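Here the protein sequences line up with chains A and B, keeping their order. Per the working numbering, residue 3 is the first one in the first sequence, and the count goes up by one each step. Per the working numbering, residue 299 is the first one in the second sequence, and the count goes up by one each step.
These are calculated hints, taken from the structure and not from any lab test. Computed from a prediction, not measured in an experiment: that's the story for all the values here. Mixed in with the good hints, there may be bad ones.
What the hints assert, rightly or not - Each pair of labels, with its calculated beta carbon distance range:
hint, chain 1, residue 1, chain 2, residue 2, range
1, B, L381, A, K108, 18 to 26 Å
2, B, S320, A, K3, 29 to 37 Å
3, B, S370, A, P84, 33 to 41 Å
Said to hold, decoys possible - Simulated pairs of lysine to aspartate or glutamate, EDC-like, Cα-Cα distance not exceeding 16 Å:
hint, chain 1, residue 1, chain 2, residue 2
4, B, K336, B, D383
5, A, K3, B, D357
6, B, K350, B, D394
7, B, K342, B, D357
8, A, K115, A, D86
9, A, K111, A, D86
10, B, K315, B, D383
11, B, K342, A, E5
12, A, K70, A, E5
13, B, K336, A, D41
14, A, K44, A, D86
15, A, K3, B, E355
Stated by the list, open to error - Negatives, chain A to chain B, calculated, CB over 10 Å:
hint, residue
16, P16
17, N20
18, V22
19, N24
20, S48
21, G109
Glycine included, C-beta positions come from ideal geometry on N, C-alpha and C.
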Amino acid sequence: KQEVTQIPAALSVPEGENLVLNCSFTDSAIYNLQWFRQDPGKGLTSLLLIQSSQREQTSGRLNASLDKSSGRSTLYIAASQPGDSATYLCAVPNYGGSQGNLIFGKGTKLSVKP
Amino acid sequence: DAMVIQNPRYQVTQFGKPVTLSCSQTLNHNVMYWYQQKSSQAPKLLFHYYDKDFNNEADTPDNFQSRRPNTSFCFLDIRSPGLGDAAMYLCATSRDAFNQETQYFGPGTRLLVL
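Chain B on its own, in the form it takes in the complex (with noise of 0.2 Å):
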């Protein structure tokens, strides 16, 4: 059964054009977040949520946005997509914040700029 749902698996956008990733959680953790991973790169944080306090990493450009409406569900938009934006958006989550915790993912979002 999957825990950390992501959609869609495969966007296309056009350079420009805003653009939202969803992800979803059925563990009921506190914790959501966002990562960014280019080619053949480490994934980044790019920031995340724990409960309904947001938490941006400092490097994050402003281009990127969140959202999380509920436990449940959490967005990732991008206001003004670049080419240099292309790459695969990870969701996860954690029962709590405390480095402790192990960080579940999802499928990944791959995002394809135009």
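Chain A with its partners taken away, still in its complex shape (with noise of 0.2 Å):
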């Protein structure tokens, strides 16, 4: 059963550092990795979808890795500032399972203070 973990669950920096979020999945038998940000009270908006046959995909600021082999991906934020905060969660389907089927991360929230 796919398990997708985010470690830490809570990350704050102050503005302008550079900063990297984790998250590790069980079954490296993936389609793709997904990042969403999720404002308080908010849905969720996709920032970046790699495919499993990508090594990274860039955004402007946000820089996505992925790792198949170890079960790692990196959400990469440079220049961070007070409006990246937010919470952070990855998200890869769920090989064999119903299509669509996104698991989840818990998330990593983010605090940027100015």
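Once you've looked at the hints, go ahead and assemble the two chains, each given alone in its own frame, into the complex.
As structure tokens, this is what we get:
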């Protein structure tokens, strides 16, 4: 059974710092991995989707990497800003299960202090 | 422009009183999903529709039902809400049901059960 873990559960950094969020998954047979952002009391916003054949994806100040063999992904945020404060979740499709069933981690709550 | 719309954003209901949550989409996607997210937990898939084909997750309680009258709309019916059903309910869509597809989420409906 696929399990997704995100450590740490919470992270606080001063504005301007570069930071890395971690995501690990137990079953390396994944189609892709997706990173989401969730603001308090809000829905999910898709940030990046990495296909299993890719090593990384970039969007602005965000860079996501994927290492299937080790069951790990990282989300790198450059030059963090207070507006980046949110919970970041990673998710993988449930291989062999229902089509489209995403298995989520519990997220890392990021706080960027001005 | 909003692509996945959920109404209402906040819903208060009484213990045992049926409630319906609404989701609509302007993306003309084939697949619509309902996830439940309890406080500080990962979103969990309840069920999804591929076109008119309903797919229920094995551990979704019978108390939860869904309807999809057309491509654009999908409803979540909770027949007899209990205190444990208080959560954020997230609707999502994808173009197709393949695991490579990106899921687009709505803003969510927060349900409070008194």
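Against the structure, the hints come out as follows:
no., hint, in the structure
1, L381(B) / K108(A): 18 to 26 Å, "22 Å, holds"
2, S320(B) / K3(A): 29 to 37 Å, "32 Å, holds"
3, S370(B) / P84(A): 33 to 41 Å, "37 Å, holds"
4, K336(B) / D383(B), "8 Å, holds"
5, K3(A) / D357(B), "14 Å, holds"
6, K350(B) / D394(B), "13 Å, holds"
7, K342(B) / D357(B), "10 Å, holds"
8, K115(A) / D86(A), "10 Å, holds"
9, K111(A) / D86(A), "10 Å, holds"
10, K315(B) / D383(B), "12 Å, holds"
11, K342(B) / E5(A), "12 Å, holds"
12, K70(A) / E5(A), "14 Å, holds"
13, K336(B) / D41(A), "15 Å, holds"
14, K44(A) / D86(A), "14 Å, holds"
15, K3(A) / E355(B), "15 Å, holds"
16, P16, "25 Å, holds"
17, N20, "26 Å, holds"
18, V22, "20 Å, holds"
19, N24, "15 Å, holds"
20, S48, "6 Å, violated"
21, G109, "7 Å, violated"
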